[in-house]
Amino acid sequence: MFQNKINDDKQMKKKLPFIPDTMLADIIHADYQLIPVIGRFGIEFGFGNKTVKEVCHEKGINVLFVLDIINSYHDDDYFPKERLQQYPASLIIDYLSRTHNYYLSDKVPEIQDYIAEMELNVSLNNLKNIKLLDKFFADYIKELSRHLNYEDDVIFPYIKDLESSLNMKFVSNALIKKIKKEPIDQFEKNHDNIEVKLSDLKNLIIKFLPPVLCASTCQKLLIELFRLESDINNHSRIEEKVLIQKVKQLEKEILKQGETTT
Amino acid sequence: MLFTNNIIKSLGIKTMLSVIGFKYEIFDIDNYIELKDLLLEHAEKLHLIVSDELCNEDDLTEIQKIVLNSPILVFSDSQSGWVNGIFYVSLKNSQREILSKIDYFFQKDSTKKQENSIISEREKDILTQVALGLSNKEIAEKLFISINTVITHRKNITEKLGIKTIAGLTIYAILNNYINPENGNL
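Which chain is which? The protein sequence lines are A and B, in order.
Letter 46 of the first sequence, counting from 1, is numbered 46 in the numbering used here, and no numbers are missing.
Letter 52 of the second sequence, counting from 1, is numbered 52 in the numbering used here, and no numbers are missing.
Because the hints were derived from the structure by calculation, they are not lab data.
Keep in mind that the hints are not guaranteed to be accurate.
[Stated by the list, open to error] As a list, the in silico BS3-like pairs of lysine-lysine whose alpha-carbon atoms are at most 27 angstroms apart: (1) A:K160 with A:K177; (2) B:K9 with A:K135; (3) B:K92 with A:K207; (4) B:K124 with A:K128.
[As the list claims (entries may be wrong)] Okay, the calculated bits of chain B under chain A, using three or more residues with CB under 8 angstroms as the criterion: (5) 99-105; (6) 132-140; (7) 174-181.
Note that the Cβ used here is the ideal one computed from N, Cα and C, for glycine as well.
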């Protein structure tokens, strides 16, 4: 009996990836971690028994892109990077920007709230320890915001420029200069790892923080740190393995076009 | 065990206890006689929390005799701290003070130094210097070891603690009192 159950679960997994005809509600039941990902596409609840295809059509969203993102988020081994690179850069960027916004406007304040709640509900002995974690996280937020804002304000507009120039078949000299001077390779080299400090914070809490009075708040904090970290991991993978690689292609094409026109 | 006949206090104390995550049995009783009867039945219970409108000091002395070694915590309008083997918590205290005192009473939120054998003494020396903001080269010179040795130690420290960044290691060093927060490279 029990064995059957395990086989059923395996069978369920084999049904993956999710396809356009999968009911959206089934996807959420299969993996509730996808809730924020689906939300990022502007899809709201109340979709009844509609399939992914139907919901996306109504909203005017690219079904295949949504599915590739959802499937790769759901299953680490599923990562069709070549196919992902075929989507317009603006579409990928739009998703990544929404994700940035989700981190800074939703996740970070949520985690800050838990830390603040802990500061109110620990003994005096432990207060100084929580304050240390608070400081550590505050520094992390600065680093994270700088990282994300730089991408939003500098890198993403540059990529959109590349794509629209190619689409309009008009390449400005300024853009060519920029590609030669600051190609995406430079950004790739400096693209720092923004997950590592989160992992440190998790271990500080799990392994070394003396037990606190407000155990349940501490548990919630830890769960949110895990969620944020795994979300950022997935996000970085799309940036590094999909977007940056695509941009390299775009840069090459533009330089080639530039040569033939001049 | 929690004894009180005041609904506000009862709810307040229950909330405090649930914040700590402490399991308790609650008895709503009106007077000291009832309390004494209940105690005779449940004398083996470990912690006892009483609100002081139920009994005067003489009554408490008698309760102590009944419950023998069980610690007693009394929420009081007037007293505070240990008095004659009874731990008083003043109702005038702030939330944090009350939490800290209940916590102290139950010895749960212990910040007592844990046996810390995760990293060796030598690794502790290296970690302290890292947290103080020294570079590998500076640490090597200061401790009379080669840079490679410093790097090996740092690798082992990071592996054992699961902490990779200097900021994270600094927090660890402060948590364990290897350095003062003021000196930390935060």
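Quick rundown of the hints versus the structure:
1. A:K160 with A:K177: holds (16 angstroms)
2. B:K9 with A:K135: Violated: K9 of chain B and K135 of chain A sit about 36 angstroms apart, past 27 angstroms.
3. B:K92 with A:K207: violated (36 angstroms)
4. B:K124 with A:K128: holds (21 angstroms)
5. 99-105: With 4 residues closer than 8 angstroms to chain A, the segment 99-105 of chain B meets the three-residue bar; holds.
6. 132-140: violated (count 0)
7. 174-181: holds (count 4)
Hints 2, 3, 6 from the list above are not met by this structure, while the remaining hints are.
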